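Mind docking chains B and C on chain A? Use the hints.
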Amino acid sequence: MFGDYSLSDLGAIFAMQGFAGLILFSVFLLMALGLAIIFGQMGVINMAHGEFMILGAYVTWLTSNFFQAHLPALFGGYFFVAMVLAFFASGALGMLVEWGLIRHLYKRPLDTLLATWGLSLILQQCYRSIFGAREVGVDLPQWMLGSFQVTDAIQIPINGVFVMVLTILITCAVAYILYWSRWGRQVRAVVQNRVMAGAVGINTEKVDRYTFALGCGVAGVAGSAFTMIGSTGPTSGQLYIVDTFLVVVFGGAASLLGTIASAFTISQAQSTLEFFLSGSMAKVITLLAIVGILMLRPQGLFALKVRK
Amino acid sequence: MTDEIDRDPPSPLRRKLLMGMAAAPMMGMLTRASFADVPATSAVNTTGLAVTDTDVTVGILHSITGTMAISETGSVEAEKLAISQINAAGGVLGRQIKFIQEDGASDWPTFAEKAKKLLVENKCAAVFGCWTSASRKAVLPVFEQYNGMLYYPTFYEGLEQSKNVIYTGQEATQQILAGLNWINTTKDAKTFYLLGSDYIWPRTSNKIARKHIENHLTGCKVVGEEYFPLGDTQFNSVINKIKLTKPDVIYAIIVGGSNVAFYKQLKAAGIDLSKQLLLTISVTEDEIDGIGGENIAGAYACMKYFQSLDNANNKAFVPAFKAMWGEKTVIGDVTQAAYLGPNLWKLTAEKAGSFDIDKIAAASPGVEFKGAPEGYVRIHENHHLWSRTRVGRARADGQYDVVFETPDLVEPNPFPKGYQ
Amino acid sequence: MFDTPRFANRSELLGIAVLAVLLLVILPLSLDVFRLNLVAKYLTYSFVALGLVLCWGCGGILSLGQGVFFGLGGYCMAMFLKLEASSAANTKIQSTPGIPDFMDWNQLTELPFFWKPFHSLTFAIVAVLVIPAIFALIVGAAMFKRRVGGVYFAIITQAIAAILTILIVGQQGYTGGINGITDLRTLKGWDIRTDHAKFILYFVEVGCLFVCIFAAQFIRHSKLGRILVAMRDKEDRVRFSGYSVANFKIFAFCAAAVLASIGGALFTLEVGFMSPSFVGIVPSIEMVIYTAVGGRMSILGAVYGTLIVNAAKTSFSESFPQLWLLGLGALFIAVVLAFPNGLAGIWRDLIQPRLDRFSRSPKPDAQWSQPMADKAPAE
Numbered sequence: 000m001f002g003d004y005s006l007s008d009l010g011a012i013f014a015m016q017g018f019a020g021l022i023l024f025s026v027f028l029l030m031a032l033g034l035a036i037i038f039g040q041m042g043v044i045n046m047a048h049g050e051f052m053i054l055g056a057y058v059t060w061l062t063s064n065f066f067q068a069h070l071p072a073l074f075g076g077y078f079f080v081a082m083v084l085a086f087f088a089s090g091a092l093g094m095l096v097e098w099g100l101i102r103h104l105y106k107r108p109l110d111t112l113l114a115t116w117g118l119s120l121i122l123q124q125c126y127r128s129i130f131g132a133r134e135v136g137v138d139l140p141q142w143m144l145g146s147f148q149v150t151d152a153i154q155i156p157i158n159g160v161f162v163m164v165l166t167i168l169i170t171c172a173v174a175y176i177l178y179w180s181r182w183g184r185q186v187r188a189v190v191q192n193r194v195m196a197g198a199v200g201i202n203t204e205k206v207d208r209y210t211f212a213l214g215c216g217v218a219g220v221a222g223s224a225f226t227m228i229g230s231t232g233p234t235s236g237q238l239y240i241v242d243t244f245l246v247v248v249f250g251g252a253a254s255l256l257g258t259i260a261s262a263f264t265i266s267q268a269q270s271t272l273e274f275f276l277s278g279s280m281a282k283v284i285t286l287l288a289i290v291g292i293l294m295l296r297p298q299g300l301f302a303l304k305v306r307k
Numbered sequence: 000m001t002d003e004i005d006r007d008p009p010s011p012l013r014r015k016l017l018m019g020m021a022a023a024p025m026m027g028m029l030t031r032a033s034f035a036d037v038p039a040t041s042a043v044n045t046t047g048l049a050v051t052d053t054d055v056t057v058g059i060l061h062s063i064t065g066t067m068a069i070s071e072t073g074s075v076e077a078e079k080l081a082i083s084q085i086n087a088a089g090g091v092l093g094r095q096i097k098f099i100q101e102d103g104a105s106d107w108p109t110f111a112e113k114a115k116k117l118l119v120e121n122k123c124a125a126v127f128g129c130w131t132s133a134s135r136k137a138v139l140p141v142f143e144q145y146n147g148m149l150y151y152p153t154f155y156e157g158l159e160q161s162k163n164v165i166y167t168g169q170e171a172t173q174q175i176l177a178g179l180n181w182i183n184t185t186k187d188a189k190t191f192y193l194l195g196s197d198y199i200w201p202r203t204s205n206k207i208a209r210k211h212i213e214n215h216l217t218g219c220k221v222v223g224e225e226y227f228p229l230g231d232t233q234f235n236s237v238i239n240k241i242k243l244t245k246p247d248v249i250y251a252i253i254v255g256g257s258n259v260a261f262y263k264q265l266k267a268a269g270i271d272l273s274k275q276l277l278l279t280i281s282v283t284e285d286e287i288d289g290i291g292g293e294n295i296a297g298a299y300a301c302m303k304y305f306q307s308l309d310n311a312n313n314k315a316f317v318p319a320f321k322a323m324w325g326e327k328t329v330i331g332d333v334t335q336a337a338y339l340g341p342n343l344w345k346l347t348a349e350k351a352g353s354f355d356i357d358k359i360a361a362a363s364p365g366v367e368f369k370g371a372p373e374g375y376v377r378i379h380e381n382h383h384l385w386s387r388t389r390v391g392r393a394r395a396d397g398q399y400d401v402v403f404e405t406p407d408l409v410e411p412n413p414f415p416k417g418y419q
Numbered sequence: 000m001f002d003t004p005r006f007a008n009r010s011e012l013l014g015i016a017v018l019a020v021l022l023l024v025i026l027p028l029s030l031d032v033f034r035l036n037l038v039a040k041y042l043t044y045s046f047v048a049l050g051l052v053l054c055w056g057c058g059g060i061l062s063l064g065q066g067v068f069f070g071l072g073g074y075c076m077a078m079f080l081k082l083e084a085s086s087a088a089n090t091k092i093q094s095t096p097g098i099p100d101f102m103d104w105n106q107l108t109e110l111p112f113f114w115k116p117f118h119s120l121t122f123a124i125v126a127v128l129v130i131p132a133i134f135a136l137i138v139g140a141a142m143f144k145r146r147v148g149g150v151y152f153a154i155i156t157q158a159i160a161a162i163l164t165i166l167i168v169g170q171q172g173y174t175g176g177i178n179g180i181t182d183l184r185t186l187k188g189w190d191i192r193t194d195h196a197k198f199i200l201y202f203v204e205v206g207c208l209f210v211c212i213f214a215a216q217f218i219r220h221s222k223l224g225r226i227l228v229a230m231r232d233k234e235d236r237v238r239f240s241g242y243s244v245a246n247f248k249i250f251a252f253c254a255a256a257v258l259a260s261i262g263g264a265l266f267t268l269e270v271g272f273m274s275p276s277f278v279g280i281v282p283s284i285e286m287v288i289y290t291a292v293g294g295r296m297s298i299l300g301a302v303y304g305t306l307i308v309n310a311a312k313t314s315f316s317e318s319f320p321q322l323w324l325l326g327l328g329a330l331f332i333a334v335v336l337a338f339p340n341g342l343a344g345i346w347r348d349l350i351q352p353r354l355d356r357f358s359r360s361p362k363p364d365a366q367w368s369q370p371m372a373d374k375a376p377a378e
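Protein chains in written order, with numbering that gives the first Met the number 0: chain A, 0 to 307; chain B, 0 to 419; chain C, 0 to 378.
Quick caveat, the hints were computed from the structure, so don't treat them as lab data. It is possible that part of the hints are untrue.
As the list claims (entries may be wrong) - The calculated lysine-lysine pairs, modelled on PhoX-like cross-linking and capped at a C-alpha distance of 20 Å, are: (1) Lys245(B) x Lys189(B); (2) Lys222(C) x Lys233(C); (3) Lys106(A) x Lys233(C); (4) Lys186(B) x Lys122(B); (5) Lys369(B) x Lys314(B); (6) Lys416(B) x Lys91(C); (7) Lys91(C) x Lys162(B); (8) Lys210(B) x Lys369(B); (9) Lys162(B) x Lys189(B).
Note that this is a predicted model, so its numbers are computed, not measured.
Excised from the complex, chain A in its bound form (with noise of 0.2 Å):
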């Protein structure tokens, strides 16, 4: 298929592509991070996980409409406002979720899984009663739209390089957070052993509830990033679920280099694929390989070697 090309085409979509591929590696990881935390270090199945994502697209989406009726003058910095009010508006939401529902589970992990799918639907049908059924736009201030030109005859997307960018960030906070803060040392000790952390005076419940709402927040923050690349409508939180769940799991529970190095993998295998094949054919081959490479390495990549 290459035969009718110049090389230095080739060689611009290669680059091209290979920014595809880290694109997408940043939007799987941006998406996979926040349930790391939650899936990682509570073992709590979220499967609202992508109602709480659609929750900051729509935080962003209001503060949108908020910076273009009253502060248009502002309008370009309104998204940095955004990321961080979804931030908080889905760590509240997450707050209040382990504090009324969450808590009661920790023993039945399968049974956060129904209750969080019942969450979802929940969460479903009132973006739909509040913000309408049809899907909202947001619109996005100038400088984030079009593309870097490197060369001729490549070109970097402006709105890649921002999320790439947001996924570094978020990724060294959250990973400075759960392993160099006092905080994040006190997570680690109640995962580890969550009686004797209660017994050496960690408040255990508060470890958890702010965990859980972390965890959530940065579903948020990753929701308002994607306002730029998809859809925010009142069920597009549910075409994320099973993606990020694979990440997590292919990259092997409570591990963030483990979650990091499977988003990796998978997204430029899926990147590559789509590039040589059609893109259903790509998702299924994907989805197919790591299935079977669950199944013969059921802990994921990295896994911590514990005794059961």
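Just chains B and C now, kept in the frame of chain A:
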């Protein structure tokens, strides 16, 4: 759920609505049926449909929950508007239309179940509904078995014809061929890259497009064809392939949430639609609402109706629609086609002088609706509509500029020879 | 081990009898054919729920991919019916008569090889029973032998459901794509669309259901069933006692798969079409909730749970379609938080003790159908 439409819009709104309608040219043709003109129920209803001396019951069957609610909401709104206008003008054969609305919940078996309910339990004289091909395929056997009448609004892939269905949207050849001819002759486009969501309508439409490009347009060829799972949100790889093959035209039949992702990523990747030709048959004004006008400005869409259409019917229809459903609502091709359903049914019932399904089906061919927002339409022998095909160019404000219109009505041809 | 060699105790027999009266006498007499056909449709899901009682309630294996097996069974039956409906006489207008209409639209000119055996009803029925079992065996063996369980298993089955949906939708020339296989007409020349046929099919289905209920009862009361429960509660102890945990799990998963597949096949007969919308993730999870509402340990509860949730869904969506999702979501949460044993639990804790006071019937042997809330399986 049985709701008399009169109660539905709040009264100030309704007054405005009526005022809006008074201007409609179709109103001029209708005289309010006086009580004495009303034909006896036994004469207009010999098969036990839900018709009384004062009213007639119809069904509305669309998804108002689930993923398809995004698309189907507009159709429901248009059908309710049409019914309320008909009622305000005196109803059908002297009877007010009552409707029963059912939710298909974006789930094909639910559509079949509800269709059966509407026909068997409610004895609806007509049903306006369905959107996806899959839901129509699911209800079709039900309508044929229980002898109901379905008015189906969506543009679709063709390959179907039924006594029990009136297709008020365009079938594939009506929608596709004129657009391809136009872009080939006026824009001198020679190479086409076909894209689609992975299901029957895009695949069949692309098949017809490919045959037309390869067999009927001289010197033209298809340089790529790709499909994506429904709901897919990642298009950077295919965009790179498009950049590599440099087609004259991107021919895109992507639907639903994928649409939004596709156009946003296309724009971000630096493909400027004011220079790169893109022709779509799946993006109506409804979809642009979600995509964002600035992301798709410059693209061409080929269908039969645009909200910006400049004719007297449409100038009455658009304000009436907005008065009923809000200033911000937009009207896409399918919404307009859904509006045709109740009107065509009314005209057919009056022509047949009966609500009986068999008589409606037999009387349908030749029924003309001169008040259609898209202009004049007429039902063909094969129960599809003769209609014009138009090409519009998307503006940043989410509307289309109509840049081309077929001079004559295009004949519907659901089983096109040479395209199968 | 076989201290109670009966496959059902007295109160369970009574429950089965009540269900039989309800399904065979009360419902057919009180409902018109349309509503009865709806009940028949709901009941096809109860086969899936039965399977989930075995593999989830008893075995502790939550599969979120039961739609896959429901779909496999349904498609096997639909392929047979479609071939019968696509006789050369019926499909004269096609460019290749004698093949299903959707193949003709996709330029297929002859029947794909894997469709050919489905000309035979016997083969179709065998396929309904065997194909899901083999598929479940492959998936189950790969997972359980490597001790994948709990949450991981749930997510992987979910991914399998996603893969199969994309495949079916993408290969529309061979599968009918997203439309599914529609317009099924006759079974060996017998028109399945008439009211009369629906009536008879209903009774056939109820018959099948009782056979499956008896089979499930038998499994649960056998030694095998007890090992499953033991395994759910303390897997390691069972393993250390010398049992092959994986094999028992594989068996439970296969049994659930076959039950789901039977349900799918009957669904195709009742409703007259099959589509990939049953295969995906959403229907699979909804099927789990039927079981949960009925009581995940209760075989009869599964049937009642399915009937009640679906009846509620239909009546809700007829009167308040906007509220249905809220109601369903709340039901999920309520069942998990407040009634982990579902209807069966309410019955056992609240109603049965009062009945017992009147009738002094022997206490139900509840020692191994304890509530899950306090001693959930360890993951």
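Exercise for the section: Kindly indicate which numbered hints from before are broken by the structure, ordering the numbers from low to high. Expected result: Structure breaks hints 4, 8 and 9.
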